[in-house]
Each structure stands twice: as C-alpha cells, then as structure tokens.
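J.: Now for the letters of each chain:
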Amino acid sequence: SQELEQSPQSLIVQEGKNLTINCTSSKTLYGLYWYKQKYGEGLIFLMMLQKGGEEKSHEKITAKLDEKKQQSSLHITASQPSHAGIYLCGADLFQGAQKLVFGQGTRLTINP
Amino acid sequence: DTAVSQTPKYLVTQMGNDKSIKCEQNLGHDTMYWYKQDSKKFLKIMFSYNNKELIINETVPNRFSPKSPDKAHLNLHINSLELGDSAVYFCASSQRDRYNSPLHFGNGTRLTVT
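Respectively, the protein sequence lines represent chains A and B. Mind the numbering: the first sequence is residues 1 to 112 in my numbering, read in order. Mind the numbering: the second sequence is residues 1001 to 1114 in my numbering, read in order.
Please keep in mind that the hints were generated in silico from the structure rather than gathered at the bench. Using N, Cα and C, we set each Cβ at its ideal position, and we do this for glycine too. Among the clues, some could well be false.
Dumping the calculated BS3-like pairs for lysine-lysine here, alpha-carbon to alpha-carbon at most 27 Å [claimed, not checked]:
| # | chain 1 | residue 1 | chain 2 | residue 2 |
| --- | --- | --- | --- | --- |
| 1 | A | K56 | B | K1022 |
| 2 | B | K1041 | A | K36 |
| 3 | A | K51 | B | K1044 |
| 4 | B | K1041 | A | K38 |
| 5 | A | K17 | B | K1044 |
| 6 | A | K60 | B | K1041 |
| 7 | B | K1009 | A | K64 |
| 8 | B | K1022 | A | K99 |
| 9 | A | K36 | B | K1036 |
| 10 | B | K1044 | A | K38 |
| 11 | A | K56 | B | K1044 |
| 12 | B | K1041 | A | K64 |
| 13 | A | K64 | B | K1071 |
| 14 | A | K27 | B | K1044 |
| 15 | A | K56 | B | K1041 |
| 16 | A | K64 | B | K1019 |
| 17 | A | K36 | B | K1022 |
| 18 | B | K1022 | A | K27 |
| 19 | B | K1036 | A | K38 |
| 20 | A | K17 | A | K56 |
| 21 | B | K1071 | A | K56 |
| 22 | B | K1040 | A | K27 |
| 23 | A | K64 | B | K1022 |
| 24 | B | K1052 | A | K38 |
| 25 | A | K99 | B | K1009 |
Label-pair distances were calculated between CB atoms; the ranges are [to be verified]:
| # | chain 1 | residue 1 | chain 2 | residue 2 | range |
| --- | --- | --- | --- | --- | --- |
| 26 | B | T1114 | A | T20 | 18 to 24 Å |
| 27 | B | D1038 | A | K99 | 15 to 21 Å |
| 28 | B | H1073 | A | K68 | 26 to 32 Å |
| 29 | A | E55 | B | P1008 | 17 to 23 Å |
| 30 | B | Q1014 | A | E41 | 22 to 28 Å |
| 31 | B | H1077 | A | E55 | 39 to 45 Å |
| 32 | A | K51 | B | L1027 | 21 to 27 Å |
| 33 | B | H1073 | A | G52 | 34 to 40 Å |
| 34 | A | K68 | B | G1016 | 45 to 51 Å |
| 35 | B | N1062 | A | T77 | 26 to 32 Å |
| 36 | A | K56 | B | N1062 | 30 to 36 Å |
| 37 | B | L1027 | A | K17 | 20 to 26 Å |
Modelling step: build the complete structure from the supplied sequences, incorporating the hints.
T.: So, in structure tokens, the structure goes:
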C-alpha cells in the first residue's frame, strides 16, 4: 500500500465550482508539499506546510495541514481551466532525510 | 533562466541497449535526485546525491548507475535496458541544509524501451 493516499484519484468539475483534494498518511508528516503536474511537464511547486494546523493560500488555492500532521487538504475556489492537471502531495516521512514520498496523484479536469 | 534541465526529453530505444540521461541545475542547490514515474503516475525516489556524495539509494537494479561530476550535475546511466524501464524519469534539486526546502523538478525524460 502507498504511504501517502490521495483522494479522489480523479475529479471532474464544472468551471467556477469549488473542489477539495485530500492527502492522508499513517505516519507523521514532517513536511507536506503540494505540486501540480501538466502533461509532458515537470512538477510545479505550489505550497509547503510544516506545522500542525497550518494553512497557506496562493491565489485561489488553499492548503491545510491538520493538527495531528497526518492529513492535508488542497482546496480550489472558483475553479478555472488553468487549474486542470495532476495534483500530487509529497511528504517528508523521515525527518530531515529530504526523501520525499509522493501520493498517487489526483487528475483534475475542469469542464467549461 | 534558473531551472533544473534534463536531456533528452524523449528517449526511444531497444531492449538491451545502454543509455544516459543528463541533468543540470543552476539554482545553487547542494542536493540532486532522480525520481521515476511509472504509467500509473506513481512517483518514486531512486537516488539522491548531496555535494557529489550518494545519500539515498533505493532498491534500484544495479543496471542503473547515477554519477555526479559536481553538485550542479547528476546523470543517470542505464545498462541493458528492459521493457519495465519504460517510464518518465525526473531530476530534481533542493538545498539540504535549509530545513524542508522544496524540491525543484525538471520537465522529465520519457523513456520508451521497445
């Protein structure tokens, strides 16, 4: 089984709607990173969360790390076609090792 | 432009051949990585080098040999390619001494073994 589980695996939403992607670990997350990937391209870093209860926002994307540091959510408000892509959560499960483990990704499609 | 760049972008080759993928970063980072993304989009770490020293070596066949001539470069050589090696290989870099420094990824090399 994966050390990081993302849900849902795929998501189709109407443009303008809100959506949430979840990332869950059975271990403590020492650092949680959200990335976005478009087909044929590399991973683009979105946000990093470290502290339990931390929340960060960038434009219409908000990421949270729960108090127990075992789950994170990524929320997109008023989705746009430019938000389409694969979202991956990556986590440092071995403090200080800088060995990121990734979830299986969530494929987001935005319908006009 | 500051970036992690890897070449080639696409690589199509036959089973049994030997091939190399090159990676360079000009971000001044001291740590570089190779990740493999399979057809199901699972992204898994293969190797990590810190200042030219191997620090992470996951259970990867020894047909895969990373080489870091300096901290800005990390190449991946693959011997006797097999069908199962087909995947997208990503190079990444980070600054290890900066706690929780995010990884910066290249655009990937799509390897197809026929």
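J.: Confirm or reject each hint.
T.: These are the hints, each one checked on the structure:
1. A:K56 x B:K1022: 35 Å, violated
2. B:K1041 x A:K36: Distance ~12 Å between K1041 (chain B) and K36 (chain A) Cα, so the pair holds.
3. A:K51 x B:K1044: Roughly 25 Å between the alpha carbons, so the hint for K51 (chain A) and K1044 (chain B) holds.
4. B:K1041 x A:K38: 12 Å, holds
5. A:K17 x B:K1044: 32 Å, violated
6. A:K60 x B:K1041: This hinted pair holds, its Cα atoms lying about 25 Å apart.
7. B:K1009 x A:K64: Violated, at roughly 34 Å.
8. B:K1022 x A:K99: 21 Å, holds
9. A:K36 x B:K1036: Within the cut-off at roughly 16 Å; holds.
10. B:K1044 x A:K38: Within the cut-off at roughly 18 Å; holds.
11. A:K56 x B:K1044: 26 Å, holds
12. B:K1041 x A:K64: The hint holds at about 24 Å.
13. A:K64 x B:K1071: Between K64 (chain A) and K1071 (chain B) the Cα gap is close to 34 Å, so the pair fails against 27 Å, i.e. violated.
14. A:K27 x B:K1044: Holds. K27 (chain A) to K1044 (chain B) sits at ~18 Å (cutoff 27 Å).
15. A:K56 x B:K1041: Satisfied, since the Cα-Cα distance of roughly 26 Å is no more than 27 Å.
16. A:K64 x B:K1019: Not satisfied, since the Cα-Cα distance of roughly 42 Å exceeds 27 Å.
17. A:K36 x B:K1022: 23 Å, holds
18. B:K1022 x A:K27: 34 Å, violated
19. B:K1036 x A:K38: The given pair, whose Cα atoms are some 16 Å apart, holds under the 27 Å limit.
20. A:K17 x A:K56: 20 Å, holds
21. B:K1071 x A:K56: Status violated; Cα separation ~32 Å.
22. B:K1040 x A:K27: Holds, at about 23 Å.
23. A:K64 x B:K1022: Distance ~36 Å between K64 (chain A) and K1022 (chain B) Cα, so the pair is violated.
24. B:K1052 x A:K38: Measuring from Cα to Cα gives roughly 30 Å; hence the hint is violated.
25. A:K99 x B:K1009: The given pair, whose Cα atoms are some 24 Å apart, holds under the 27 Å limit.
26. B:T1114 x A:T20: 18 to 24 Å: The hinted range 18 to 24 Å is violated for T1114 (chain B) and T20 (chain A), with Cβ atoms some 41 Å apart.
27. B:D1038 x A:K99: 15 to 21 Å: 18 Å, holds
28. B:H1073 x A:K68: 26 to 32 Å: 40 Å, violated
29. A:E55 x B:P1008: 17 to 23 Å: Check failed, 41 Å falls outside 17 to 23 Å.
30. B:Q1014 x A:E41: 22 to 28 Å: With Cβ atoms ~27 Å apart, the hint holds.
31. B:H1077 x A:E55: 39 to 45 Å: 43 Å, holds
32. A:K51 x B:L1027: 21 to 27 Å: 25 Å, holds
33. B:H1073 x A:G52: 34 to 40 Å: Since the Cβ atoms of H1073 (chain B) and G52 (chain A) sit about 38 Å apart, the hinted range of 34 to 40 Å holds.
34. A:K68 x B:G1016: 45 to 51 Å: About 50 Å separates the Cβ atoms of K68 (chain A) and G1016 (chain B), which means 45 to 51 Å holds.
35. B:N1062 x A:T77: 26 to 32 Å: 48 Å, violated
36. A:K56 x B:N1062: 30 to 36 Å: 41 Å, violated
37. B:L1027 x A:K17: 20 to 26 Å: The hinted range 20 to 26 Å is violated for L1027 (chain B) and K17 (chain A), with Cβ atoms some 36 Å apart.
Going down the numbered hints, you'll see the structure goes against 1, 5, 7, 13, 16, 18, 21, 23, 24, 26, 28, 29, 35, 36 and 37, while the others check out.
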